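Line by line, the protein sequences give chains E and H. Everything in the first sequence is counted per this note's numbering, starting at 1 for the first residue and increasing by one. Everything in the second sequence is counted per this note's numbering, starting at 1001 for the first residue and increasing by one.
Wrong hints could be hidden among the right ones.
Using 27 Å as the maximum straight-line C-alpha spacing, the simulated BS3-like pairs for lysine-lysine come out as follows [said to hold, decoys possible]:
| no. | chain 1 | residue 1 | chain 2 | residue 2 |
| --- | --- | --- | --- | --- |
| 1 | E | 286 | E | 256 |
| 2 | E | 337 | H | 1008 |
| 3 | E | 377 | H | 1058 |
| 4 | H | 1080 | E | 374 |
| 5 | E | 388 | E | 374 |
Don't read these hints as lab results, they were simulated from the structure. Predicted model only: the values in this text are computed from it and were never measured.
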Amino acid sequence: MANRDLSELTIVEAARGLRAGDFSSRELTQSCLNNIRQKDKEIGAFLSVFQDSALSQADLVDQALANRKELPALAGIPLAVKDNILIHGHRCSSAANILKSYSAAYDATVIKKLRDQGSVFIGKTNLDEFAMGSSTENSAFQVTRNPHDPERVPGGSSGGSAAAVAAGESLAALGSDTGGSIRQPAAFCGLVGLKPTYGAVSRYGLMAFASSLDQIGSLTKTSEDSCLIFRAIRGRDPMDTTSREGRFSQGREMSKLRVGIPQQCFGEGISSEMIKWMKRTIDHLKDLGAKTVSIDLSGLEYSLPIYYVIAPAEASANLARYDGLRYGQAELAESLKETYAQTRSRGFGLEVKRRIMLGAYILSAGHYDAYYQKAHKAKKLIQLEFGKALQKVDLILTPTTPGLPFKIGDRVDNPVEMYLSDLLTVSANLTGLPSVSIPVGREGKLPVGMQLIGPDFSEEFLLRVGSHLEWLS
Amino acid sequence: MIEFSEIKQLAPLVHLRLTPSEVERLSKDGAQILDYVDRLKELSVDNISIEDDRPRVKLREDRPVRFDRVGELIAAFPRKEGRFLKVPFVFEEQNG
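Input sequences plus hints: build the corresponding full structure.
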């Protein structure tokens, strides 16, 4: 262990090493901080780094270890947190100018749970503003670069979290996923990205984008690490009435597995590289004894249009609270309306304004039935289709993204092309089903991710299957 | 198609003041997005009812709980007087 950079460890390896006395949590944390100092000027993963408080947290864990206390799994583990999840006493900006001065007055429930574990919060990571984006180019503050190829995007909106883990600046990270914002950056950065079942993890303390779709999840190096974080953060929370306890399913053993393969994954809009890796993954599953079943998810092509009706509609309502009166940046004027207009116009970026305007249009009289009502009915069709498919198969396999990570700047001027990055991920948010992206290999230096979608509360089953698919070659 | 005039009508309703170039850009982008979203017209949803769909929520007890960090919330007020949040006058003056 002496010669290995501690930041390269997985959570499981680090936890073992801490308990064996091979190194301290301070040394582990310092290793990540060193990488931040050396690399983050180029990568741009972090918006704020908690140098002092992280080392203090690490020291507390080291003391407990020295006193031979039995500690939870995540004790002493450095974690990065997406900057739309509140950590008490620290700035939480959602990468927006309107919140650049806002300091959180309380911990999100997930943070409270990780604090109880003794986790070390190393800093807050960059994101697309208010989690609206697929590349982390929409941040008001900085662009984050993909550590595998700094000319390319890390994905979004949890791009900072993904880049932090991929660059060894943290052992794992929390993100949020509304339409793919954990899974897509995980795929682009060669990580395991888990979006839990809707309601499995409390959203209290997550700055809301689209409340019926948002979920907090993790970006980790391995499926095993993802499982540890999920077990720590899940559970019903009275402060989030959409959260619920689940009966967590362990699923079938590999030799009896039935894997659904949507016909649509070999069609228009999916790159040849993704199709190649999809076939390779299918072959590997068959080698492990699984049976693959072709399924027809014809609703898949409508998932993205449905999402881009429902998400902006909810966003326009959720972002109404940012008015410059109670917190955040205020552009104070003579009248109340002027204060609102000035604060919001100067405080929001273009993508956020685009989605607010779209949401307002969709919800306005004359358009409500044609768009919003229609989208909700269509969403139900998607839910029924996935439900039917998951009666025939144990899980569904798709590529996580339609293509490889794209270059920075390539899609900023074309919103629909940018939105197409989420073509394969949004259905899991619309249906509320759990979904994980697994790094299966590389094309050149660029990682490739495959997505597994399962029934409600099948996260541990998906991660168990996923562990067999990590880095096939 | 989102018309320029509709953008100008909607923006004040969501308390946004857009520059002329933003109006032009958002109108063009909005049209492109709605054009993409319009493929939902291909879907028949006549037999689908969402009237009985209720969100699966379990409400907590309606019991006040003390929040111990009120001071921090007050500290975040952009304008304040003592413990009070200071805001522009809420009611607009009526003429005549």
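Consistency of the hints with the structure:
1. E:286 / E:256: holds, 10 Å
2. E:337 / H:1008: The hint holds at about 16 Å.
3. E:377 / H:1058: With a Cα-Cα distance of about 24 Å, the restraint between residue 377 of chain E and residue 1058 of chain H holds, given a limit of 27 Å.
4. H:1080 / E:374: It is violated: about 45 Å lies between the C-alpha atoms, which goes past 27 Å.
5. E:388 / E:374: Roughly 21 Å between the alpha carbons, so the hint for residue 388 of chain E and residue 374 of chain E holds.
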